[in-house]
Amino acid sequence: MKFDSVIIGGGLSGMVAGITLQKAGQNTAIISTGQNALHFFSGSFESLKEPGQRILDLFAEAGVRLHYSPGLWLTPLGTFKESALSLEDIDLFPERKFARKVLIVNFLGYHDFFSSFLAEGLEKQGMSCRVRFLNLPELEKLEQSPSEMRSVQIARTMDRLWEKVVQEVRVLLKDEDAVVLPQVFGLQDTSVPGRIRQGIPARVIFAGTLPPSVPGIRTQILLKQRYQLLGGTYMMGDEVVRAHVHDGVVHSVATKNLDSHYLEAANFILSTGGYFSKGLISNPFQVYEPVFGLDVEYKEDRNQWYNPAFKEDQPYMHFGVKADENLRALQDGKPLQNLYVAGSVLGDTRPEFGTAAGQAIRTALHAADQILKK
Amino acid sequence: MNANEFDVIIIGGGITGAGTQRDCAMRGLRTLLIERSDIATGATGRNHGLLHSGARYAVNDPESAEECIRENMILRRIASHCIDETDGLFITLPEDDLGYQQTFVEACRKAGINAEIIDPDLARRMEPSVNPELIGAVKVPDGSVDPFRLCAANMLDAKLRGGQVRLQTEVTGFIREGNVIKGVHTLNHQTGETADYYAPVTVNACGIWGQHIVELAGVKVGMYPAKGALLIFAHRVNNVVINRCRKPSNADILVPGDTVCVIGTTSTRIPFEECDSVAVTPDEVTLLITEGAKLAPSLSSTRILRAYAGVRPLVSADDDPTGRNISRGIVCLDHETRDGLKGFITITGGKLMTYRLMAEMATDAVCRKLGVEKACQTAEIPLPGSEEKSFEAVAQKIWENPTMAQKAAVSRMGTRAARIRTGNKRDDALICECEEVSVGEINAAIDRLEVSTLTDLRRRTRVGMGTCQGEFCACRAAALLAKAHGCVERERADLEDFLQERWKGNFPIGWGDTLREAEYTQWVYKHVLGL
Amino acid sequence: MKLQEYTESHHNFEECMKCTVCTAYCPVLQANPLYPGPKQAGPDGERLRLKDPYFFNQALKYCLNCKRCEVACPSGVNVADLIQSARIKYDHTPPKLRDRILASTDFMGKLARPFAPVVNGVTGLGVTKTVLDVTMKIDRHRTFPKYSGTSFEFWLKRRKKEQAAFPEQVAYFHGCYVNYNYPQLGKDLVKVLNALGVGVQLLDKEKCCGIALITNGMSAEARKHAIHNVAQLRQAVLDKGLKVVTTSSTCALTMRDEYPNLLGVDNADVRESLLLATRFIFEKLEKGATLKFKAGYHKKIAYHTPCHLEKMGWAIFSEKLLRMIPGVEFILLDSNCCGISGTYGFKKENYEVSQAIGEPLFAQIRSVNPDVVACDCETCKWQIEMSTGYTVMNPISILAEAIE
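As they're listed, the protein sequences go chains A, B and C. The first sequence lines up with residues 1 to 374 when you count with our numbering. The second sequence lines up with residues 1001 to 1531 when you count with our numbering. The third sequence lines up with residues 2001 to 2404 when you count with our numbering.
Calculated directly from the structure, the hints in this document are not laboratory data.
Calculated from the model, a selection of chain B residues having no Cβ within reach of chain A, i.e. all distances over 10 Å:
id, residue
1, L1098
2, E1133
3, K1159
4, L1160
5, G1192
6, R1338
7, A1375
8, E1388
9, L1449
Restricting the straight-line Cα-Cα distance to at most 25 Å, the calculated cross-link-like pairs of lysine-lysine (PhoX-like) are:
id, chain 1, residue 1, chain 2, residue 2
10, B, K1526, A, K49
11, B, K1425, A, K164
12, C, K2110, C, K2224
13, A, K23, A, K374
14, C, K2002, A, K299
15, A, K81, B, K1526
16, C, K2287, A, K2
Glycine is no exception: its CB is placed at the ideal position from the N, C-alpha and C atoms.
Please construct the entire structure, taking both the sequences and the accompanying hints into account.
Written out as structure tokens, the structure is:
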């Protein structure tokens, strides 16, 4: 099958590149080994201090409602982290004390939302808190399974039940000026968080839970839908097993599912992610990139991969594939003409593009721009 | 007798201390056990978990071998829910001397160990993961034991018989009147409170830290710390213990235990200052994998879960620097006869699985000093939880159609699993999915088994011992603990400590899936949860 | 190999990061809380089963084998294979008579065919359905597929000479459905392939692919079918140099993947030569062959990706073929399981769950209101037709209808 560009890796980076290329008229394919890291997304783009209009438009066109407001967001464990850009349902506060009195509402039997940690964290900031639990009979079916009172399953029920939650919260609400709810709303129906806010006469904050992240999955669905609506082909659950490279040019790739039916393209983007998604693979002797065998920046001495203190910065998380200023992949020190690298597989090798989500998005746009320039 | 007075004080909450407390309690004494941290945090919690048949010592140390096989048989009776009766193989590889097998088997038989030479083919069928190139095999009654369960069960029995326990409490000095030890000064690390306790006899059962204790009492004992490193593989590769049929050496035992298997061990002398911060070195990791792969080749391509090290208390019989050929004999020192200091006993040396005998010796000495004439019954009466053998039968008896979590609870707690609140959706919710640990089981541990931290909980319920190493369950369990203790601030610190402990065991083998998991855990805790 | 250079485990279960993404995409969990979910049933359960077979959970039978957990897994764990392997290895409950009957499609087909009109009449009766519901626990709502009076094999054998005359040849694994229930699909395939200059021949003697035997606890029998079919494939592929096509997505997945992964039957030498017909046709067209489409053909088609095709990643071929037809208004339905999962949905104890699983798909079909639903899987067809009333056609049949 022939495409203008083939993108290897369907996470945030790959999808941003795919959307950009499709919008510019290219016919592209994205190959993704399973679902991606957006499933563990906090909802806040900490690494994007100044997103710029292009990025904001890209998300807006996909139906992903963002808001830009440099400040702090509330973490599931009741601490605060700095960010400027986040999904609409994640509040960004100018200062930690965002209310006088807070009502924290959880579901009885839901262990992945940490109401006690949130209460303690907020009380430390001078807000008085009250924690209450909802006991909804509709959730009883879910609770019959010892392991299914989890974010996604609850969220699926909430698409139908959110109005009842609003009713119950209104009954519980006394004189609090803020309500904290778990982030289990708006999985399929993106209007729900907004409507909940409208229905409760207090500031409604959606605080995160243990993964999977409902806002993250929602974002993933919207971006993928946008990509497909623009005509892109998203190959879910497939993996590139071999690349055909000749004279510094990638001609085609072979995937696990399509075996001898190669995917040919004029340009390729590698956005396979870090260790989790196997964009980089490690063994006792090396860290390598499995699809093309690209040059990887890492420490030869394995002892230098780790900081023995868990909370400290870890060197191995900075390793990545080497690329030139145009993000062309380096193999044996030489750039491949038509292979670009984007996202966390780059590690820290191109620090000018930032880190995490910021890196994912900026490098994807840059790679797409390089391709479109040709 | 007032509240701070006892018949005997036992210092050290490892298996020796717990076993001694049980024996003393069974003989009617009022006992107090003091432990500076949690149960089984010394060598007890950092060994192979091997229920020796004793075969390993038959050639060089027949006395130890005899002790082992006797205790092996006893523990199968009294501690059945802590033991997996796996059998063991001593294999001869092409590079080993097959002639040693005969010497080995004869020595075993002399020591009363049922060692049976079997055809290598049968060995391969018995244990499919064994190195197929083996040229000889001997079957022995090895098994595996869970030291946390064993320790907890002994302490529980003592408590049921009126014994008291002070965890997180350290002995800071002795109350001494002339040449008599009358009691101890203690400091509680959690509350910061000090307290004095009195008893006519004090037993030092602190393993290698016993050196420090005797020094506090003003006497000297020659103990040598010998570090042993081990690796845990992510799943149970073998079902039969695999040993090398040769002179005991490094990394030649692969032990299956619950959902994992363990390869070990090494033996290196370390200075006393390092005893509280032992780490596994890259060389040790390489050695363990290399030697382990000779026992079971699949280990070279099996995910490793964590690396850990423990410190043995060795009392040297000669000048062997590795400490390996030291007699594993039990050392029971009556400081009255030895040093003229009354009211003080040290029990040390030995091994995990001869703890009961060590406890018996110590308790006999205690009773002699107190003029109590009661026989030891610890070999006859089963530990709480071990009253019935087959865990399947127990599970079916308690619940007609046991769920996975109920089955898992019985495999951990034996008959005492009946006391868990279960059978309703709130208590049956799973906190740890890897090891099937329910809310009910965790609350039971918090309520009745002296749990202060996540690591304590982990030792008693296996929360966080699965391949994710506490990725999600640590947080969920932390919330339950915060509720129980009423202090979130403390739980935040506890969560950090727990993750640090897990990381300590992960980065020595930080590659492949372990590194992926570590990256994921970093991501979740730092960027999503905001720890 | 250097020590720990790579690691391997049964169906990659050790690579599980416990991220729980698989459980987010399992269709069963949303409808049946008794099912522990793919993570618990698969990689979590595997460690416990290795500790003691007593930890095998009977609730694994609620797994649809839809493979969506595998499609979603970012770590490459073959979760569904792990679950089905565990069922094969640890579940020794003998299959009920009902399950044996449902799984023995060849046998039932052969029995029913000669009496097709009577059988069809009887199975369509409410009374029969009630009796089957009560006695065999085959849910009364289910419509039994009708049996055809003439088998497809019989039809094709009569045209052997004319098919042999084509310059290019391909072998057709027709499967039970085409042979006993709906030979028209086979005829449609022959029409399309002939239009491309390709003649169709049968395998020497094919047997049911065996998927229902696997999921109903009859893996030993399934293995016999697998060994037999792989030998048949070798005859066609290695001896005669032919490609083998099939029109059923599940038959394709079963013979390509389940044979080696679940039954331990090696097929590496023939696997890549067994293709879904839409892939074969697409590849021919890509290489320059052409089809002449009828003028004025118009259809609004909603395409449903069968779970097994989603796993194989080959829906793209069916999709592209349908989009090629002028006059086709093509809608790609959201990828959702229809809920029937072969014999699973026929069982009374699974019926409600089946329907609950499929409801999002049914709702979308109703809202799209297509002229026809296109789908490569016959059991999806039965489910969608019964649950929505819309007609379902295999893309090959649509192609056949659209060409001159």
